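Now for the letters of each chain:
2 protein chains.
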Amino acid sequence: MEQLQNDLFLRACKKQPVERTPIWIMRQAGRYLPEYRAVRANNDFLTMCKTPELAAEVTIQPVDLIGVDAAIIFSDILVIPEAMGMHLEMFDGKGPVFDHPIRTEKDAENLKQITAQENLKYVLDAISLTKKELSGRVPLIGFSGAPWTLLTYMVEGHGSKTFSNVKKLIYNNPELAHKILNKLTNAVADYLSAQIEAGANAVQIFDTWAGMLSPRDYLVFALKYVNQVISKIKRNDEPIIYFPKGVHYRMRTTADCGADVIGIDWTIDLAKARDKIGNKVAIQGNLDPTVLYAEPGFIRREAKKVLQSYGEGNGHIFNLGHGILPDIKPEHAKALVDFVKEDSQAFHDNDVSTKVIKI
Amino acid sequence: MEQLQNDLFLRACKKQPVERTPIWIMRQAGRYLPEYRAVRANNDFLTMCKTPELAAEVTIQPVDLIGVDAAIIFSDILVIPEAMGMHLEMFDGKGPVFDHPIRTEKDAENLKQITAQENLKYVLDAISLTKKELSGRVPLIGFSGAPWTLLTYMVEGHGSKTFSNVKKLIYNNPELAHKILNKLTNAVADYLSAQIEAGANAVQIFDTWAGMLSPRDYLVFALKYVNQVISKIKRNDEPIIYFPKGVHYRMRTTADCGADVIGIDWTIDLAKARDKIGNKVAIQGNLDPTVLYAEPGFIRREAKKVLQSYGEGNGHIFNLGHGILPDIKPEHAKALVDFVKEDSQAFHDNDVSTKVIKI
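Residue numbers (my numbering), protein chains in the order written: chain W, 1 to 359; chain H, 1001 to 1359.
Okay, chain W solo, but in the shape it has when bound (with noise of 0.2 Å):
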């Protein structure tokens, strides 16, 4: 076993004692960073999603540059769709669009069928370099989509306010639906499983459009789904972590999908949420990620309010409720971090005497 110089994030998502709170910080290799434009500019977004070098390059950057307490893996959830044979296209500004999306009962037959090592080996080959570059300093997440999140994708071939398509879709032909999500429930397992095979420590699933399903819809056509994925991943003690965003009903059968962590975002009740699932699972979250725009005085006092409302003892992760925006000062994401290292200590026991005692 490798040993980790710096595993808070595993503490706390597993709700064992911690110092302080760790935090990490979603999309933290990404545009703000002038150290990842430097390396974008010169290749586009999929190439560096696939070609480890650069993957592993851009991944370590926020820990030397800002400080974070794990690494995330720099991929993208499309990844899954792409190796399935849709065509995607990455464009800044504008979001991902694939051409041809899937409406069809032909279209889903289309599809092809997976499996991380043949298909994907190129985000498992960076995780392994990764690891190794990070030579243990922190852990390493790897990450997927959810089903219902990739469905969405791949039926509405882009971002969408209304989510018409695939509304459609699952009121209209629900079997077909199921078909696709049935398909991605077990690719995604899959990808996640080979993740932890290839070293990531801990693997989150983002469910960035579950909250534009009604509560009964959301039981049906996305957690369903996130509790197959769980209990089909192949995994020692490497944590779970659930991001449903937008998700604030049904929190305590959320809480019950077999995930060691909730991610929640910045519009829900940091307290409230461990008052209804804190004895369960650890939560992470939920600074509104546009207070980074804001001077670090107004930052500090807002990740203060952070730390307060979830108040003393373990099982929180701190992040932002949602990703950092590509036109944040570093410096600002440098801030924020520094802070909560500092800060969050009076929120965890320190003293050692009463640590022996408790022992």
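Honestly, the hints are just simulated from the structure, not real lab data. As the structure is a computational prediction, the values presented were derived from the model and not from experiment. Be aware that a few hints might be false.
[As the list claims (entries may be wrong)] Per label pair, the in silico range of CB-to-CB distance:
(1) Gly-313(W) x Asp-1275(H): 28 to 34 Å
(2) Arg-235(W) x Gly-1311(H): 40 to 46 Å
(3) Ser-135(W) x Phe-1091(H): 50 to 56 Å
(4) Gly-258(W) x Gly-1313(H): 37 to 43 Å
(5) Thr-1104(H) x Lys-304(W): 28 to 34 Å
No residue lacks a Cβ here, since even glycine has one placed at the ideal position from N, Cα and C.
The hints should help you fit chain H onto chain W, whose structure is shown.
Below, chain H without anything else, positioned relative to chain W:
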């Protein structure tokens, strides 16, 4: 006083007994109706807003064609910033755009102080004319954007996914944000009062982007000003509906804002909302608008679940959880309205003998 032939909607707003649940549909005067598109084909959107005859015509269309229990004046929430001097363009499919968004002290100072009588007379005329043409068949609803949502559009210049500019404003220059919000609060209160004076039987305040705020920011930048608007509105007993879309937190505080009705979107459990705030206010909502893509049989089953979720008794106004989408078939909207009219009778006390005893 006028005599309304159908006052179910107004009674439901006041939580008074009704024989069945009233229904209207947000954006019911809109592109999904071929009759609307026929008018729109020869007139641009703002011309329709500014021509009382055209506004009255499309306002009444869904009363005739779909059978809703209330009309809502055809207009747009952005007529206030437009009247304040901002140049507004409406693009089909792209939404509204202000080419010079408000970002600085100077921009804000250039906003005109307006009164509805002077600067939005065309809306008042449209209301008077529509009332005459409706001749008491159903009540007429007036509306305005809430100060926060207006500010959002004015600062962003157009719709946004991240709301970066308005968040920068409230975090980095809250004084300026509050200054504009105060200006808007006065304009909105005056505008809604004038609509009531012109004949609106009820008014709705649309806070479309309230849900982008953290719970604390919502209180400070959105709800506070809605409270002020409501306390300033001059009215007799015309009900006020507040619809803070996406807001799932601070519901009890929201229910204390002075509105008679709170609108909720489809992600909120109607039964839980009633438990929390149904003793104080009536509730409007909340079928997922995309359900109307499904076949009528499915629409009826989902509408039934909404009725069941609210349960028996008064204080429910049936509506979608957001505006009807432009590519919905009119016969699906009609199927919904017909079903709610028929099926909701079972949720109300229609036993005459019981009624007599109760009296």
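Failing hints, ascending? none
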